[in-house]
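Undergrad: Chains as they are written, first to last, in my numbering: chain S, 4 to 246; chain D, 4 to 246.
Hints are not guaranteed to be accurate.
[What the hints assert, rightly or not] Derived lysine to any residue pairs resembling SDA-like cross-links, with alpha carbons at most 25 Å apart:
1. S:K231 - S:Y203
2. D:K231 - S:G115
3. D:K231 - S:I191
4. S:K231 - D:A221
5. S:K231 - D:D80
6. D:K231 - S:L233
7. S:K231 - D:E53
8. D:K231 - S:A189
9. D:K231 - S:V230
10. D:K231 - S:G238
11. D:K231 - S:G235
12. S:K231 - D:A189
13. D:K231 - S:G202
14. S:K231 - D:D111
15. S:K231 - D:V187
16. D:K231 - S:Q195
17. D:K231 - S:L219
18. D:K231 - S:G207
[Unchecked claim] These stretches of chain S come out as covered by chain D in the derived footprint (C-beta under 8 Å, 3 or more residues):
19. 70-81
20. 109-120
21. 196-202
[As the list claims (entries may be wrong)] Derived, one-sided and incomplete: chain S residues facing chain D with beta-carbon distance under 8 Å:
22. G37
23. N145
24. N152
25. S166
26. G207
27. G210
28. M213
29. R227
30. E229
31. G235
32. F240
33. R243
By construction, these hints were calculated from the structure, which means they are not laboratory data. Every residue gets a Cβ at the ideal spot worked out from N, C-alpha and C, and that includes glycine.
Number of protein chains: 2
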Amino acid sequence: MPSPSTLERIRVVLARPSHAGNIGAAARAMKTMGFADLRLVAPRRAPDAEARSLAAGAAELLAAARTCERLEDALGDTVLAVGFSARGRDLSQRLRSLREAAPEILSDAAHGPVALVFGNETYGLTNEEMGHCGMQVSIPANPEYSSLNLAAAVQVACYELASSARSFALPRRGEHDEATHEDVEALIAHWQSAMIASGYLDPGQPGRLMERLRRLLARAELERSEVKLLRGMLGAFEARMRR
Amino acid sequence: MPSPSTLERIRVVLARPSHAGNIGAAARAMKTMGFADLRLVAPRRAPDAEARSLAAGAAELLAAARTCERLEDALGDTVLAVGFSARGRDLSQRLRSLREAAPEILSDAAHGPVALVFGNETYGLTNEEMGHCGMQVSIPANPEYSSLNLAAAVQVACYELASSARSFALPRRGEHDEATHEDVEALIAHWQSAMIASGYLDPGQPGRLMERLRRLLARAELERSEVKLLRGMLGAFEARMRR
């Protein structure tokens, strides 16, 4: 069973929130469920008096929230980023329900930082933002009106994970050593330059190739040793192509 | 499995809410989870413009909410009233967790109206009000800070019941077109020959390289279009290496 510290290792990332009040309400929601780490990506307004008022007893958590400019900055050290989305995407990653996904999220959190990523109140996560997420999760809702308030979505996600943690059993994979977001980003950059060298990727007309590759790799939840394997292979291709 | 109409038969009763905004936010929370029947007992303020704004797409549900003076009036026709409380009471009824209680609540709702009763934001349900409830339920929370916002508590309760009822199907991964075993085998064979051509894989001493690649690809659950993308890339690498 994960200790409270497992939940503390799960961070909530709000990407481009519009309303400061929602940030405060999300902080309160987190604290009621035992979560502690809040990150804000390019909020339209910094937490203000309204945010502090809605944070209620979670004022310290709100005050400690770190702000950054790009989503990647909030994910650098994570072993898993979970993107919340109401709808399926074209670039099809499997959409799991929150409840279905909870055991895996908790098991990953036992190995390193995990991020729960929520998009803007009006338009959610962009495809680019979702591309940084290794798992796509939906809170099942009324098909006729599925628009949860942002803080309400954070409350439900934290509730589900805290509840699942109590009945949580076995880690998913054996002796694994998950790659961090940074490891995977470096792999993707490497892959991109190899594809450019081969002529397969035209930097002038990239299309959606990199986005599709990113998604595929995110889904694979690579281990560190696999990143190494793939980069070794790319290096060998590059060396041979240069001859 | 309960039908959506079972959820519609579960009403939410807010006893003496202080803030009209919370009434609106509770209405929104209900609708997102497929609930429809809201009752207000002696609200300090009737739903106003702020309530309507926070109800968002649930304005009709809010407008249809009935108001009464006493809790009993909102419970008359129910087969079960569930009182939500953060703490246990002297009047010792067993305090169950929401998740534990959900199956019984749903099964009762198949027989007649069920009420979920939430108390005032500051002091919760009085002992007298709890006395009208046949079941006492708690949303498990952080012992150091268990104060969920009223609408957040309604959101979690409705989410838990809707999830337990599994009354909404989750959208499946968008138009996907899973690769067959044969597709993946052909990809692996292609990958192997490209790695041999690059010198990265020594056919005389293959080690576990192919096994690891195979495992990684299996985990990614590739689509047909992704197999095509990867094979196109391998083909480009091969062509360039042959030059």
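Undergrad: So, for every hint listed, does it hold in this structure?
TA: Against the structure, the hints come out as follows:
1. The straight-line distance between the Cα atoms of K231 of chain S and Y203 of chain S is roughly 22 Å, inside the 25 Å bound, and the hint therefore holds.
2. At roughly 34 Å between alpha-carbon atoms, K231 of chain D and G115 of chain S are farther apart than 25 Å, so this suggested pair is violated.
3. Pair hint K231 of chain D plus I191 of chain S holds up; C-alpha atoms about 18 Å apart against a cutoff of 25 Å.
4. Simply put, K231 of chain S and A221 of chain D have alpha-carbon atoms about 18 Å apart, close enough for the 25 Å limit, and the pair holds.
5. Distance hint between K231 of chain S and D80 of chain D is unfulfilled; the C-alpha atoms sit about 65 Å from each other, more than 25 Å.
6. For the hint linking K231 of chain D to L233 of chain S, the alpha-carbon distance of about 18 Å falls within 25 Å, and the restraint holds.
7. Taking the CA atoms of K231 of chain S and E53 of chain D, the gap is near 55 Å; set against the 25 Å cutoff, the hint is violated.
8. For the suggested pair K231 of chain D and A189 of chain S, the alpha carbons sit about 23 Å apart, so the restraint of at most 25 Å is met.
9. A C-alpha spacing of about 21 Å is found between K231 of chain D and V230 of chain S, which places the hinted pair at or below 25 Å, so the restraint holds.
10. Distance hint between K231 of chain D and G238 of chain S is fulfilled; the C-alpha atoms sit about 22 Å from each other, no more than 25 Å.
11. Between K231 of chain D and G235 of chain S, the direct Cα distance comes to roughly 22 Å. Compliance with the 25 Å bound is thereby established for this hinted pair.
12. This hinted pair checks out: K231 of chain S and A189 of chain D have alpha carbons roughly 23 Å apart, not beyond 25 Å.
13. At most 25 Å may separate the alpha-carbon atoms for a hinted pair to count; K231 of chain D and G202 of chain S meet this at roughly 16 Å.
14. With a C-alpha separation of about 56 Å, the suggested pair K231 of chain S and D111 of chain D falls outside the 25 Å cut-off, and the hint is violated.
15. As the CA atoms of K231 of chain S and V187 of chain D are separated by approximately 22 Å, the hinted pair is consistent with the 25 Å bound.
16. Simply put, K231 of chain D and Q195 of chain S have alpha-carbon atoms about 17 Å apart, close enough for the 25 Å limit, and the pair holds.
17. For the given pair, K231 of chain D sits about 13 Å from L219 of chain S by alpha-carbon distance, which is consistent with the 25 Å threshold.
18. As the CA atoms of K231 of chain D and G207 of chain S are separated by approximately 22 Å, the hinted pair is consistent with the 25 Å bound.
19. As drawn, the stretch 70-81 of chain S meets chain D at 0 residues by the rule of a beta-carbon pair under 8 Å; below three, the given contact is violated.
20. Note: the stretch 109-120 of chain S has 0 residues with beta-carbon separation from chain D under 8 Å; the three-residue rule is not met and the coverage is violated.
21. Here's how the stretch 196-202 of chain S fares: 5 of its residues keep a CB closer than 8 Å to some CB of chain D, so the rule of at least three is met and the hint holds.
22. At a threshold of 8 Å, the smallest CB-CB gap from G37 of chain S to chain D is about 4 Å, leaving the interface hint in force.
23. Nearest Cβ of chain D to the Cβ of N145 of chain S: about 4 Å, under the 8 Å cut. The hint holds.
24. A least Cβ separation of about 6 Å between N152 of chain S and chain D falls short of the 8 Å threshold, and the interface hint therefore holds.
25. At its closest, the beta carbon of S166 of chain S sits 6 Å from a beta carbon of chain D; the interface hint therefore holds under the 8 Å criterion.
26. For G207 of chain S, the interface hint is violated, since its Cβ never comes within 8 Å of a Cβ in chain D; the closest pair sits about 16 Å apart.
27. Hint status for G210 of chain S relative to chain D: violated, with the closest Cβ pair at about 11 Å, above 8 Å.
28. Evaluation of the M213 of chain S hint against chain D yields a violated restraint, the C-beta minimum of about 11 Å exceeding 8 Å.
29. Interface hint at R227 of chain S: violated, since its Cβ lies 12 Å from the closest Cβ of chain D, which is beyond the 8 Å cut-off.
30. Hint status for E229 of chain S relative to chain D: holds, with the closest Cβ pair at about 5 Å, below 8 Å.
31. Annotation: interface hint on G235 of chain S holds; nearest CB of chain D at approximately 6 Å, less than 8 Å.
32. Below 8 Å, beta-carbon pairs count as interface contacts, and F240 of chain S has one with chain D at about 5 Å; its hint therefore holds.
33. This hint holds: R243 of chain S has a C-beta 4 Å from the nearest C-beta of chain D, less than the 8 Å allowed.
In this structure, the hints that do not hold are numbers 2, 5, 7, 14, 19, 20, 26, 27, 28 and 29, in rising order.
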